[in-house]
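**Q** Read off the chains here:
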Amino acid sequence: MKKKVLAAVLAATMVLGLTACGSAAADTAAAPAAPAKEEAAPAADTAAAPAADAGGDLIKVGIINNDPNESGYRTANDKDLKETFCEANGYEASFAYSLKNDEQITAAQKFIQDGVDYLLLSAADTSGWDSVLKDAQDAGIQVILFDRTIDADPSLYAASIVSDMDKEGETAVNWLAGQNLDEYNVIHIQGVMGSAAQKGRSGALDAKVAAEANWNIVTQQTAEWNAETAQQIVQSVIDAGTPFNVIYAENDDMAKGAVAALDAANISHGVGKDVIVMGFDCNKWALEELLAQNWNYDGQCNPFQSSYIDQVIKTLQNGGSIGEKTIIMDEKGFDASTITQADVDQYGI
Amino acid sequence: MSKLLKNQIFIPIAALLLLLLFNLIADPTFFRITLGVNSDGNPVLSGPIITIINNGSELAILAIGMTLVTAASGGQDISVGAAIAIAGSTILRVLCGTNTRPDTLRTPIFVAFIIGCLVAMAFGAFNGLLVSIFKIQPMVATLILYTAGRSIAAWINNNELPIISDPKFSYYGGFIPGIPIPTPFFIAMACVVIIFLVLKFTNLGLYTQAVGINESSSRLNGINPVFIKWLTFVILGACVAVAALIKVSRLSSINYSVIAKDIEMDAILAVALGGNALSGGKFNMAASIIGAFVIQTLTTTLFKYNVPSDALPAYKAIVVILLVVISAPTFREFMTKVVSKLKNGKKKEVANV
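Just so you know, the sequences run in chain order Y and R. Residue numbers 364 to 712, in this note's numbering, belong to the letters of the first sequence in order. Residue numbers 2 to 354, in this note's numbering, belong to the letters of the second sequence in order.
Don't read these hints as lab results, they were simulated from the structure. In this text the structure is predicted, and so the values were computed from the model without any measurement. The reader is advised that the hints may include incorrect statements.
With a cut-off of at most 20 angstroms between alpha-carbon atoms, the simulated SDA-like pairs for lysine to any residue come out as follows [as the list claims (entries may be wrong)]: (1) K262(R) with E587(Y); (2) K647(Y) with I164(R); (3) K262(R) with D430(Y); (4) K463(Y) with K317(R); (5) K445(Y) with Q674(Y); (6) K562(Y) with V308(R); (7) K571(Y) with L144(R); (8) K201(R) with D41(R); (9) K262(R) with V555(Y); (10) K442(Y) with D41(R); (11) K677(Y) with V525(Y); (12) K636(Y) with K262(R); (13) K463(Y) with A149(R); (14) K442(Y) with G223(R); (15) K442(Y) with S461(Y).
If you want the footprint, here are the derived chain Y segments under chain R, 3+ residues with CB under 8 angstroms [what the hints assert, rightly or not]: (16) 576-585; (17) 635-643.
Ideal Cβ positions, reconstructed from N, Cα and C, are used throughout, including at glycine.
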């Protein structure tokens, strides 16, 4: 046994030694390579310029995004980016996906080496980006953040195109206030605690409940974006017999789970019915529920940043400057009584 | 008393009774069951107890497979959540084809379930292969599928989210018209009956325990440990498929990133609460299954008492720590000793008098 442990420890130290050597070697190798690259860069530029002219002057963009499988939002986001940044629109785009910050940073370094013109970034994590963005700046690459902000000096990026989650919450709560109910007894189903979407969407409701006397929270629980957990939460309120008339779910999946619990208990919901159902994210199927008047409200979390990015790039290409670095996208809230099929087709993700 | 304490099944039952007792004292309406109608006009029972037997079903089914895997391999499969996503996605894909909003189902639900079952068992067989033949630690071997599974599930349906409108599909996770008891409970009970018949009339239980206790001596006695370990993973695969059918049926849809999220941890916990050694060997199936319902009772109780969202995991953790410590063999030994000491002490007193 002792021998085995000893062997394992030895093996581990050897492996560690190897990797240490490996990284050291890589470092030393990288150091002389760097100036060489700088020398090569202008040459490449001059070589690339005529070639680009011949090829219709394609703008090279490197896009770093989260995994498109992460959510419906991300899938729509990725699709939108791919549709905008194509050769027909004058772009040559490369994509890199990861949910991990270090992998994203590696991808960013690769794009910098490849000499892209613009680096578009939806960071997995807010920190750790300073040095790589500095490299990008030194290489003359403009960085545009989309969807997520990072903790870095604003001078390191050209623009940041984001959703305002607080505003999403406010829009929804204002809509709800506009329903002029005598009393608001709200089942509040939250997303994963601490996420930006949860904070923004919870914050507005919490503030309103604290301010108004006729607004009450029946229950406030996190279902962690999970439909089935939401179903259990609403079921438990129904079992307890507590009266409620509003379901405020912080995404569509959870609203769907809540509605399943209402259906099982034969509680009517939707336009002009007993319970108001509110969701977020504007999934296509959710907007169809609105159209069928089974739900009342759905708040948008706009995944279509590409047109904004396109505009920023066009401005920068023409030598213009970006006034306000943080660009907040327009986000709608849909009301079941006014939504149309055209809205479903256009805004459904 | 000491005999009762020694019995493995005593622990999860005690935990369950403790939770129910707490609910009885705090709010007796916990036990109220009402008969109502759902929006389709069918009679349904509702109440916290019904919620427990309804939502605890998947966990109970998974606990069956997880107990066998734990006993044979001395490790746990952490990929069941991801495997549920894969099996569920397969079932929907077979039912819908490429049309994500079908008005009619392309194949009978039974056929879709069988195909989902085969896929889940194939992934179980893959895990089993890594564990039994390549002798990789089960947790490490299943880490592969744990990481990749949800992406595979999304890929099966081209990243679309199919929604089935046929009400027949919702029976499996809801109610069959005319029967007020939730269907998942029937499915879970069917699985329980099947596994008990299998354990009673085949050597599966004996062989699994033999392999778990001592692999080489079981091989010397003519049991093939490689096959037994592999088989337990395939059986878990079948359990996963059943759980997946219930899960996707509940909402007639799927969300790859959150469906059955963290259910593997609850399944492992059910096995641990059942007093089974997570290092393999002897197991008690009934204890694991009751363990699964203990976890659901805890969840339902916490929802009922409106524990604030941020504090929920902490409450759960405290209860779980208590339950796991109580069910640990060391603690039980200690308690048996204390009990026998008390008895001896009394006897001595009698003698002194």
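**Q** Now tell me if each hint is right for this structure.
**A** Here is how each hint holds up against the structure:
{"no.": "1", "hint": "K262(R) with E587(Y)", "in the structure": "holds (10 angstroms)"}
{"no.": "2", "hint": "K647(Y) with I164(R)", "in the structure": "holds (11 angstroms)"}
{"no.": "3", "hint": "K262(R) with D430(Y)", "in the structure": "holds (18 angstroms)"}
{"no.": "4", "hint": "K463(Y) with K317(R)", "in the structure": "violated (29 angstroms)"}
{"no.": "5", "hint": "K445(Y) with Q674(Y)", "in the structure": "holds (16 angstroms)"}
{"no.": "6", "hint": "K562(Y) with V308(R)", "in the structure": "holds (18 angstroms)"}
{"no.": "7", "hint": "K571(Y) with L144(R)", "in the structure": "violated (44 angstroms)"}
{"no.": "8", "hint": "K201(R) with D41(R)", "in the structure": "violated (42 angstroms)"}
{"no.": "9", "hint": "K262(R) with V555(Y)", "in the structure": "holds (12 angstroms)"}
{"no.": "10", "hint": "K442(Y) with D41(R)", "in the structure": "violated (38 angstroms)"}
{"no.": "11", "hint": "K677(Y) with V525(Y)", "in the structure": "holds (19 angstroms)"}
{"no.": "12", "hint": "K636(Y) with K262(R)", "in the structure": "violated (33 angstroms)"}
{"no.": "13", "hint": "K463(Y) with A149(R)", "in the structure": "holds (14 angstroms)"}
{"no.": "14", "hint": "K442(Y) with G223(R)", "in the structure": "violated (57 angstroms)"}
{"no.": "15", "hint": "K442(Y) with S461(Y)", "in the structure": "holds (16 angstroms)"}
{"no.": "16", "hint": "576-585", "in the structure": "holds (count 4)"}
{"no.": "17", "hint": "635-643", "in the structure": "violated (count 0)"}
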